[in-house]
Amino acid sequence: MSNDIYMEFILENYRNPKNYGVMDNPTVKKSGANPLCGDDITIYLKIENGKIQDIRFTGKGCAISQASASILTEMVKGKDLEYVKSLGENDLLSALGIELSPARLKCALLSYKVLKDALSGF
Amino acid sequence: MSNDIYMEFILENYRNPKNYGVMDNPTVKKSGANPLCGDDITIYLKIENGKIQDIRFTGKGCAISQASASILTEMVKGKDLEYVKSLGENDLLSALGIELSPARLKCALLSYKVLKDALSGF
Amino acid sequence: MDVNKIREDFPILKRKINGKRAVYLDSTATSQKPRAVIDAIVNYYENFNANVHRGIYRLSEEATDLYEKSRENIGRFIGARSDSIVFVRNTTEALNLISYSYGRFLNEGDEILTTIMEHHSNIVPWQFLGRKGVKLVFTDINEDGTLNIDDFINKIGKRTKIVTVTHVSNVLGTINDVRELSKIAHDHGAIFIVDGAQSVPHMPVDVEKIGADFLAFSGHKMLGPMGIGVLYGKRDLLESMDPFMGGGEMISEVHTYGSTWADVPLKFEAGTPNVEGAVGLSAAVDYLRSIGMEEVRNHEKGLVSYSLERLGEINEINIYGPRDPEKRGGVISFNFRNIRSERISEHLRKEGIMIHPHDVATILDMDSVMVRSGHHCAQPLMERLNIPASSRASFYIYNDRDDVDSLFDALKKVRGVLKI
Amino acid sequence: MDVNKIREDFPILKRKINGKRAVYLDSTATSQKPRAVIDAIVNYYENFNANVHRGIYRLSEEATDLYEKSRENIGRFIGARSDSIVFVRNTTEALNLISYSYGRFLNEGDEILTTIMEHHSNIVPWQFLGRKGVKLVFTDINEDGTLNIDDFINKIGKRTKIVTVTHVSNVLGTINDVRELSKIAHDHGAIFIVDGAQSVPHMPVDVEKIGADFLAFSGHKMLGPMGIGVLYGKRDLLESMDPFMGGGEMISEVHTYGSTWADVPLKFEAGTPNVEGAVGLSAAVDYLRSIGMEEVRNHEKGLVSYSLERLGEINEINIYGPRDPEKRGGVISFNFRNIRSERISEHLRKEGIMIHPHDVATILDMDSVMVRSGHHCAQPLMERLNIPASSRASFYIYNDRDDVDSLFDALKKVRGVLKI
Ligand SMILES: Cc1ncc(COP(=O)(O)O)c(C=O)c1O
Ligand SMILES: Cc1ncc(COP(=O)(O)O)c(C=O)c1O
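Chains as they are written, first to last, in the working numbering: chain A, 99 to 220; chain B, 99 to 220; chain C, -15 to 404; chain D, -15 to 404.
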């Protein structure tokens, strides 16, 4: 884990987020917010044959929440639902590779929470 | 002022209170209580020609509140209203002759407050 | 349990009053504080002080961590999860919170069943609901100061929506069988509230075991700082309730047209919380745990037994509440009742007490023995006992047999001072 | 005013964070505590701790005396008699107390006039009254962050029963002309409430001069302990109101069928009060008085002026609120708005801010510069300003120009860390 939470990998995902944008006709669309920060995120999923065929997100927030959403979408795109559901918070956090204080943890996990929420019916 | 608040003078007035008892047809009758202690006192006054011709009290409470009521009635019996109205808390306290802590001061002054209250219309 | 060692931990007990060793017998009103609690407060302000929950910088995160760890620790002390622990000022606020927030679910004709031995804090908040036609019903006591269970069963019924009972009476010392009362309450579909102000500090209390839907207690009575108390509540109940106070911390979103609330327990903590208080209470809980609550209970039971023994020597004194130390906490309320003397004031004799408790307290204080006297915030109980007031001595971990001896030595002087 | 000497009085400021001198710029959220306040707490617990108002023994009388002298001292600090000072937990509780107790006098169709720059604590309690059809009306601000007086005059009317306004905005820093607003409110027959959370700690405040019927403030924001706050109220208003919470201390007599209340202010203080908090806040008031509130105000004005000067160096940063140091308190909220870089995330650009305040706070914290970031419990204001959040630096007596320099040095690093 890196002490430098603004390391290049994070910044790159922040400035050029993967899978950013609206999706037409998603299988499911879910939003969540962290009102304390004014952060919010919407996740769009296309689910077919037990797989996440496609994923998009929109939203706003700090570098950590945006980068985290970008990285999360990459982690689950094209993956089996079973696998995605088995992912824990720590899987996302180790993918981020940075050491976060409790307050920033909330930023990092917003997208994860929205995704879990979106998948709760599947 | 004595440190011994239970000196003989106080105890004597406590055990054998002067002017204790009900009065028939008083000019004015007033009650007051100190709910924190469960103390209460009723004062009966016969007022004629601008004088307190007679005074009685009934009530219950600790040695200090009872002795103080007894001593107060003695101080004002037969006196001009003008004079009685001019009496301050300290006049009663120096008549008691003992040093009281704030909590016990409330006990000592209950009768004084009821008397002042009774005379407020005169 | 080594009382001498424990006394060493309490700086105030070293204070001399009138040149004499302080014999503090009023822990039921408020407890003294050990060095560990005072140090925790100082350490908090010297190293960690910040507002919580919203700061991104380290200091605020550390303060948040201390605050939430305190919540967890205090929850564990009563067998509860931290998300069912709401920080309040004291027992009184906890009970008012329930009255205001849960009280919304009650309607005209509904009843709240309590007991005649309650502290005003477990009476007045419920009387407030009288405004909307909710009736407060009081269970009577038996002659020995225990709860009259038959009366309780008689009075509970379909209309009873809330049963609220003190775990330990602050006057009689009576330990109520809350587990049993909880069952009866739940059988009737009522929720069950326990006023734990006098139990949590003095004996093991587990919210599951006693079947409490809500439990209220105060930090200052259990070695903790003033200004902090706890409302434990079952999560589903807390979640069903509207907030009590509104403001910072307790919101999710605020708009000009309306607001939404934070999750439990923050929903009930409006404004900047008393972080110092939480940290101090957590240190107090650690201190009590290091002694062991069974030990605390046994120690107090021992002091009560010894007091009852010594009481045999002064037969002018009557005590209130059960005689069996198993059934009572470390509280002894008493009055002089059986003095054979012509010199007793008539009205006191009529009231069946011979010496006013205020005079008793003043005379004891001359020997720096500190007892409470008055109605102990339990006027309905005083009325029931038909007395205006009583004296009360209460024990805690820092009291020992010497304190009991000092109490009785001083009591023996009372008649002499009053010359009766 | 010798800031170096003052800093010596604050133990926490000696703490090194990441090996660096702590630059605490979040006193608007909560202030740090001087040794004198910490000592007052310790002294209280080591020598005087007891429950108040009801004890006959010396310790309780001493504690009562300390508690009531503290009330007097704190009252004097704002030009008020002690019997109009109610101790509460914080500003939030004070405002809720008014909403619950004075709110009973309001009816459907009545209006409460406030401003769009309020803290949630001065919004949510009034929204509660929406349940009975009372409407909350918001006065707008001008472009420079001052209150729009025309809008205020437009919105006040016959239906307005309460006007409640913050003295100083915790985001914009705006100092409202409460004296003038009070006159307008009173001319319309409304009562006037001042949220003094950000004024009483930072400038001379006199309840008579500002024409406040109620004034609320928090001890923890003015060097005092957490868990203690003050509601000042005009006596006749306080006397006309029903109590808020019920329990011990606030009663005169309790019977099974109903109760009567103690006199003001005790009527509003239910349960064991936070004596420690009162004593600590009184020590804080003494400390502030020894500096002089005019001095405090001037010192902060100086730091604001210097900050505005240095702000000239970083023209990517925009601040909110009035530019004139005479019209603002020691609070500066800001955002990065004018960065010429292709590397700004699209949504931030759309919102007119370039770097999220959370990232700013985290990066500043790396240099142990502690600022707040978020909505500052003022979401309606954030909506009005059309931003999700801001960063905020705030000053107090222990801050100096070095702190301002540290802030700006750290701010200059933000773009570099984020590589934009
Ligand atoms: C203007 C204003 N009002 C009210 C409050 C609430 O104060 P507290 O959280 O101490 O109740 C604050 C502090 O956050 C404030 O800045
Ligand atoms: C049984 C009981 N309930 C409630 C209270 C009220 O506690 P507090 O004053 O801390 O709110 C007390 C303490 O006086 C008590 O003994």
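In case anyone wonders, no lab produced these hints; they're calculated from the structure. None of the values given here were measured: they were computed from a predicted structure. Some hints could be false.
[To be verified] No more than 27 Å apart at the CA atoms, straight line, and that leaves these computed lysine-lysine pairs for DSSO-like:
#1 Lys119(C) <-> Lys116(D)
#2 Lys127(A) <-> Lys334(D)
#3 Lys334(D) <-> Lys211(A)
#4 Lys334(D) <-> Lys204(B)
#5 Lys334(C) <-> Lys127(B)
#6 Lys116(A) <-> Lys119(D)
#7 Lys53(C) <-> Lys(-2)(D)
#8 Lys204(B) <-> Lys334(C)
#9 Lys214(A) <-> Lys127(A)
#10 Lys128(A) <-> Lys119(D)
#11 Lys204(B) <-> Lys218(D)
#12 Lys116(A) <-> Lys53(D)
#13 Lys397(C) <-> Lys204(B)
#14 Lys334(C) <-> Lys211(B)
#15 Lys116(D) <-> Lys211(B)
#16 Lys403(C) <-> Lys204(B)
#17 Lys53(D) <-> Lys116(C)
#18 Lys204(A) <-> Lys403(D)
#19 Lys204(A) <-> Lys218(C)
#20 Lys116(C) <-> Lys119(D)
#21 Lys211(A) <-> Lys119(C)
#22 Lys53(C) <-> Lys211(A)
[To be verified] Here are some, though not all, of the chain D residues that point toward chain A, as calculated from beta-carbon distances under 8 Å:
#23 Gly93
#24 Leu332
#25 Gly336
#26 His340
#27 His359
#28 Val401
Glycine included, each C-beta is placed from N, C-alpha and C at the ideal position.
Checked hints:
Pair hint Lys119(C) plus Lys116(D) holds up; C-alpha atoms about 23 Å apart against a cutoff of 27 Å. At most 27 Å may separate the alpha-carbon atoms for a hinted pair to count; Lys127(A) and Lys334(D) meet this at roughly 23 Å. Distance hint between Lys334(D) and Lys211(A) is fulfilled; the C-alpha atoms sit about 25 Å from each other, no more than 27 Å. Note on Lys334(D) and Lys204(B): the hinted pairing is violated, with a Cα-Cα distance of about 69 Å set against a maximum of 27 Å.
Distance check on the hinted pair: Lys334(C) and Lys127(B) sit about 23 Å apart at the alpha-carbon level, within 27 Å; holds. At most 27 Å may separate the alpha-carbon atoms for a hinted pair to count; Lys116(A) and Lys119(D) exceed this at roughly 46 Å. In summary, the hint linking Lys53(C) to Lys(-2)(D) is supported, as the alpha carbons are separated by about 25 Å, within the 27 Å threshold. Among the hinted pairs, Lys204(B) with Lys334(C) is consistent with the structure: their alpha-carbon atoms are about 24 Å apart, no more than 27 Å.
Simply put, Lys214(A) and Lys127(A) have alpha-carbon atoms about 12 Å apart, close enough for the 27 Å limit, and the pair holds. Note on Lys128(A) and Lys119(D): the hinted pairing is violated, with a Cα-Cα distance of about 34 Å set against a maximum of 27 Å. The hinted pair formed by Lys204(B) and Lys218(D) meets the criterion: a straight-line CA distance of about 26 Å does not exceed 27 Å. In summary, the hint linking Lys116(A) to Lys53(D) is not supported, as the alpha carbons are separated by about 64 Å, beyond the 27 Å threshold.
Restraint check for Lys397(C) and Lys204(B): the C-alpha separation of about 24 Å stays at or below 27 Å, so the hint holds. Pair hint Lys334(C) plus Lys211(B) holds up; C-alpha atoms about 25 Å apart against a cutoff of 27 Å. Taken as a hint, the Lys116(D) and Lys211(B) pair is broken in the structure, with Cα atoms around 43 Å apart against an allowance of 27 Å. Note on Lys403(C) and Lys204(B): the hinted pairing holds, with a Cα-Cα distance of about 23 Å set against a maximum of 27 Å.
Using a Cα cut-off of 27 Å, the hinted pair Lys53(D) and Lys116(C) is violated, with the two alpha carbons roughly 39 Å apart. With a C-alpha separation of about 23 Å, the suggested pair Lys204(A) and Lys403(D) falls inside the 27 Å cut-off, and the hint holds. Note on Lys204(A) and Lys218(C): the hinted pairing holds, with a Cα-Cα distance of about 26 Å set against a maximum of 27 Å. A distance of roughly 23 Å separates the Cα atoms of Lys116(C) and Lys119(D); the hinted pair therefore holds under the 27 Å criterion.
Note on Lys211(A) and Lys119(C): the hinted pairing is violated, with a Cα-Cα distance of about 46 Å set against a maximum of 27 Å. A threshold of 27 Å between alpha carbons decides the hint, and for Lys53(C) with Lys211(A) the separation of about 23 Å falls inside it, so the pair holds. Among the interface hints, the one on Gly93(D) is violated; its C-beta lies about 31 Å from the nearest C-beta in chain A, farther than the 8 Å criterion. Contact between Leu332(D) and chain A, as hinted, is supported at the beta carbon level, the nearest pair being about 7 Å apart and thus within 8 Å.
Hint status for Gly336(D) relative to chain A: violated, with the closest Cβ pair at about 12 Å, above 8 Å. Checking His340(D) against chain A: minimum C-beta separation of about 4 Å stays under 8 Å; hint holds. A distance limit of 8 Å between C-beta atoms decides the matter here; for His359(D) the minimum to chain A is near 6 Å, and the interface restraint holds. Here the hint on Val401(D) is kept, as its CB sits about 5 Å from the closest CB of chain A, short of 8 Å.
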